[in-house]
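*Asks:* Just so you know, the protein sequences line up as chains A and B, in that order.
Quick note on the working numbering: the first sequence kicks off at 1 and runs consecutively.
Quick note on the working numbering: the second sequence kicks off at 330 and runs consecutively.
In short, the hints are calculated from the structure, not lab data.
Being a predicted model, the structure only gives us computed values, none of them experimental.
Take these hints with a grain of salt, some might be off.
[Stated by the list, open to error] Some, not all, of what chain A presents toward chain B, calculated at C-beta under 8 Å: (1) Ile-59; (2) Leu-62; (3) Gly-125; (4) Gln-129; (5) His-130; (6) Asp-204; (7) Ala-225; (8) Met-227; (9) Phe-285; (10) His-309.
All C-beta atoms, glycine included, are put in the ideal place defined by N, C-alpha and C.
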Amino acid sequence: MPRELTYLEAVREALQQEMRRDERVFVIGEDVGVYGGAFGVTRGMVEEFGEERIIDTPISELGIAGAITGAALTGMRPVGEIMFMDFTTLAAEQLVNQAAKIRFMFGGNATVPFVLRTPAGSGTGAAAQHSQSLENWFVHVPGLKVVMPSTPYDAKGLLVASIRDDNPVMFIENKLLYKSRGPVPEEIYTLPLSVSEVKREGRDVTIVATAIMVQRALEAARQLAEMGIEVEVVDPRTLKPLDRQPIIASVIKTGRVLIVHEACKTGGFGGELAAVIAGSEAFDFLDAPIIRLAGRDMPIPYNRTLEYHTVPQVDDIVQAARKLAEGSV
Amino acid sequence: MTLTAEKKHDLLRQMYTIRAFEEMAEQLYTMGKIHGTMHLSIGMEASAVGAVAALQDDDFILSTHRGHGHCIAKNADLNLMMAEFMGKETGYCRGRGGSMHIADVDGGNLGANGVVGGGIPIAVGVGLSQKMQKTGRICLSFFGDGAANLGPFHEALNMAAIWTLPVVFVCENNQYAMSYSAKKAFAIDKISDRAAAYGMPGETVDGNDLMAVYTAVRRAVDRARDGGGPSLIESSTYRWRGHSKSDANRYRSKAEIEEWRAKDPIARFRQQLIDAGELDDQGADAIMQAASGAIDTAVEFADSSPEPDLATIEDGVYA
Ligand SMILES: Cc1ncc(C[n+]2csc(CCOP(=O)(O)OP(=O)(O)O)c2C)c(N)n1
């Protein structure tokens, strides 16, 4: 039996191992020290690395983003934490106008190798200001990389790779996935950024999903298999820059594609994926329209039932994929 | 500026109501009736009640994620508040907002806020609007010590000052922003000292002494209403409970918590009233019981209220 960790533990292990290996790596954010981070990701780390390398900050999101930018620019490899993705809005100026553009504006003469970790997603009853999935805001900004792991194994390997990457990386974790478990090797390893992965093979329908929707798609695929529908699930893992080929290859194979993400539909990543597929050599192989399942275009409600119905669930994926497979779309 | 005995009884009632509401909130949480998180202000009642007591009924407040006290001090309907906390259709925000987003627009409460410091710049806009419309109303902005380190705090205070707006900034310094002690988060001793940098009066008061909070805020309110512009009041207090339900309290000692519990603002005000002969023990107990009775009624109301109808899920996204 390979060793299992939770997604949360996998993130922590990546940070610990990379900090042991490279003195330039440090963690900075609100309550990351003794408190261990709002979700407990950095718990125990201040005991090992001290307050010099696990740095608590005031509530100053813009300040955190600026601090990692400046530190990255001058020889360090910082990992910033923004407690909830919603608050990257406060950090946006430094991320969007500064960090993302510095290398280009300076004619390639500087690098900004930081990682900004932040949890996204709904399902915790935290309502409209603590539940957003804003990945597409950052996908839209050239110069930033956007990574969204869906399993503990991916979380560890992609985080290590993100820390070693010479670009500013937005590393988006999912709150509901934190407790999910899976095999994670003890040794340090990297998974290359910008490599999409086929998480399950199938011949009838391709589902391209991100973050927790990968897990929901895999569950849907198990149920659909019982109905005789074989679903292929592709996880881009890095949203920007996107590795298109495995997605296109899968659509060529199945001829039908369902795109699933949690963020709001309009202006979301699904639209980008649909355009990539429609504009590729897979177009001629499409036997049905490209379908998107996404969060409704609305803030996340507090009420549990409303919240549940605001973003795609396993049943929604099963129904949509089934319709696609049966040619009733 | 003096308050009648009757008004003081009412303020004591409000403090007991806040305590009872939050103790009930904890129970409901343990019973699994609440999904999500919760931020309790137990120990900070004098700050909320004393500050709002300095306002007129038609003045405005903006609140924080720790806003139950502010809401009750602004005379919220407890039934609607409890229903919101339980996510019911009958709640202040039809179950869409939850405790972190309760707003009672008609009552002048322009919203709790899930974003630290999120309400401070809005308060400036409310003050601007009152000045433009010559309503004579003022806006009180509550926020924590943590919020005072965010950029929006600085932008807002400066704007309020240069435009002489009728805004009162009340920083409730409960000594911690989650785990981060105010002692570490500031290189100055008093947050109210920052007022000078924006050109407004600043004052730090004992936030566990209702009359001290009332007196300071009342001065600021009068000044704002007279066209004298904004003030910054730091109300120094303490939260007894953890930051939220997931707080293991690793960053502070039991002894410290005990020390502050001994400074219970409710017991203190109650004793002040008794010492002044404005109330006796029996009368105070009756006020306390009435407060917890009102909370029981609110729970019954919320419990028997309907869940929102799924068909209305997108209501309110656009006007
Ligand atoms: C902009 C922003 N950053 C971080 C958070 C997470 N958070 C919620 S409350 C809190 C502490 C706030 O401290 P303070 O302003 O002192 O208010 P208190 O909780 O002490 O009442 C933090 C960090 C948030 N809600 N908003």
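*Asks:* Give a verdict on every hint.
*Replies:* Outcome of the hint check:
Because the beta carbon of Ile-59(A) sits about 4 Å from the nearest beta carbon in chain B, less than 8 Å, this interface hint is met. For the restraint placing Leu-62(A) at the interface with chain B, the shortest Cβ-Cβ distance is roughly 6 Å, inside the 8 Å limit, so the hint holds. A hinted interface residue such as Gly-125(A) counts as satisfied when its beta carbon comes closer than 8 Å to some beta carbon of chain B; here the least separation is about 3 Å, so the hint holds. The interface hint given for Gln-129(A) holds, since its Cβ lies 3 Å from the closest Cβ of chain B, which is under the 8 Å cut-off.
Evaluation of the His-130(A) hint against chain B yields a held restraint, the C-beta minimum of about 6 Å falling below 8 Å. The beta carbon of Asp-204(A) comes no nearer than 31 Å to any beta carbon in chain B, farther than 8 Å, and the hint placing it at the interface is violated. Because the beta carbon of Ala-225(A) sits about 29 Å from the nearest beta carbon in chain B, more than 8 Å, this interface hint is broken. For Met-227(A), the interface hint is violated, since its Cβ never comes within 8 Å of a Cβ in chain B; the closest pair sits about 26 Å apart.
For the restraint placing Phe-285(A) at the interface with chain B, the shortest Cβ-Cβ distance is roughly 35 Å, beyond the 8 Å limit, so the hint is violated. A cut of 8 Å between beta carbons decides the hint on His-309(A): the least distance to chain B is about 6 Å, and the hint holds.
Of the numbered hints listed earlier, those contradicted by the structure are 6, 7, 8, 9.
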